[in-house]
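Chains A and B, in that order, are what the protein sequence lines are.
Residue 1 is where the first sequence starts when you use this note's numbering, and the numbers rise one by one after that.
Residue 1 is where the second sequence starts when you use this note's numbering, and the numbers rise one by one after that.
Because the hints were derived from the structure by calculation, they are not lab data.
Incorrect hints may have been included.
Identical copies carry no separate label here, and so any pair may be met within one copy or between two of them.
[Stated by the list, open to error] Within a straight-line C-alpha distance of at most 27 Å, the following computed DSS-like cross-link-like pairs (lysine-lysine) qualify:
id: 1; residue 1: K147; residue 2: K93
id: 2; residue 1: K147; residue 2: K21
id: 3; residue 1: K52; residue 2: K20
id: 4; residue 1: K52; residue 2: K147
id: 5; residue 1: K93; residue 2: K52
id: 6; residue 1: K21; residue 2: K93
id: 7; residue 1: K20; residue 2: K93
id: 8; residue 1: K93; residue 2: K80
id: 9; residue 1: K80; residue 2: K52
The lines below spell out each chain.
Protein chains: 2
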Amino acid sequence: MKDTFAELESLLRNVSYWIKKRGRDALSSVNITLPQFQVLQLVYFGEALNIKQLTRLTGLAASTISEMVDRLVELGYITKTQNAVDRRQVVLKSTRQGSAIIRRVIRQRVRSIQSIARDMEPGSAGYLAVVLREFVELCNRAERLAKLPGS
Amino acid sequence: MKDTFAELESLLRNVSYWIKKRGRDALSSVNITLPQFQVLQLVYFGEALNIKQLTRLTGLAASTISEMVDRLVELGYITKTQNAVDRRQVVLKSTRQGSAIIRRVIRQRVRSIQSIARDMEPGSAGYLAVVLREFVELCNRAERLAKLPGS
């Protein structure tokens, strides 16, 4: 059974690497570098609201992140606003234009999956969705349990 | 049917994000930053053999990559050797110690998958492997076709 898990790890790593590469093809016509896109993505999905969180999540130096954020603001992809509670704090938000880039990449990812899945055995894509849904639900449950006080 | 693909994209993105985060927990006890780990990973899997390829794949500046590579060499995780054909070219390789870090992260990823999959319906994990294997084979075929001359 251990082998199934090791195989699942390898398969999921391969699938997501392939989809990620295809998605990034959509960036070639957009004025954004890959690290800038990664920062935009973290802001768009609400994973990072400020420089400090971006620094922690990317492992890049605060000065590098600051420069990247300023560039993304210049490009019109994100905005810096003051935190309503603590006005010294800056909150980052994806603009309509920034969100459009994320959606463009996701559309490209969906198209790539579609191009593969239509060649699968009948029913395979549907069943894959069913099993992955079960997997994601269990991941979310594990995440919630890990956040409980005392755990 | 379009909805199945959009859902698959979202599910696969969630699953791989969750596994990636769990895997990175294994880095907390290792002397390596996240961007350094990403470079090590590209070298380990043979995706990048030199600074130029690392620059292209990461989108980071050549100077940033050079510094990171030097640091990884200092830490004993990668080596720089001369290319046998063109001696001006440097070839990067993961050391035994560097490879151990990658394997440690992969083991952590496998354990995380195991912790989720053991709570799945009986047979689900095995079936997930079967369907993903089909998916990966089709991805590889698409990759090979894209590399054919004239395509």
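Here is what the structure says about each hint:
1. K147 x K93: within (25 Å within a copy, 39 Å between copies)
2. K147 x K21: between (32 Å within a copy, 15 Å between copies)
3. K52 x K20: Both, since 26 Å and 21 Å are each at most 27 Å.
4. K52 x K147: within (21 Å within a copy, 42 Å between copies)
5. K93 x K52: within (14 Å within a copy, 33 Å between copies)
6. K21 x K93: both (25 Å within a copy, 23 Å between copies)
7. K20 x K93: Answer is both; intra-copy 23 Å and inter-copy 24 Å each pass.
8. K93 x K80: within (7 Å within a copy, 41 Å between copies)
9. K80 x K52: For K80 and K52, the Cα distance is within 27 Å only inside one copy (14 Å; across copies 34 Å).
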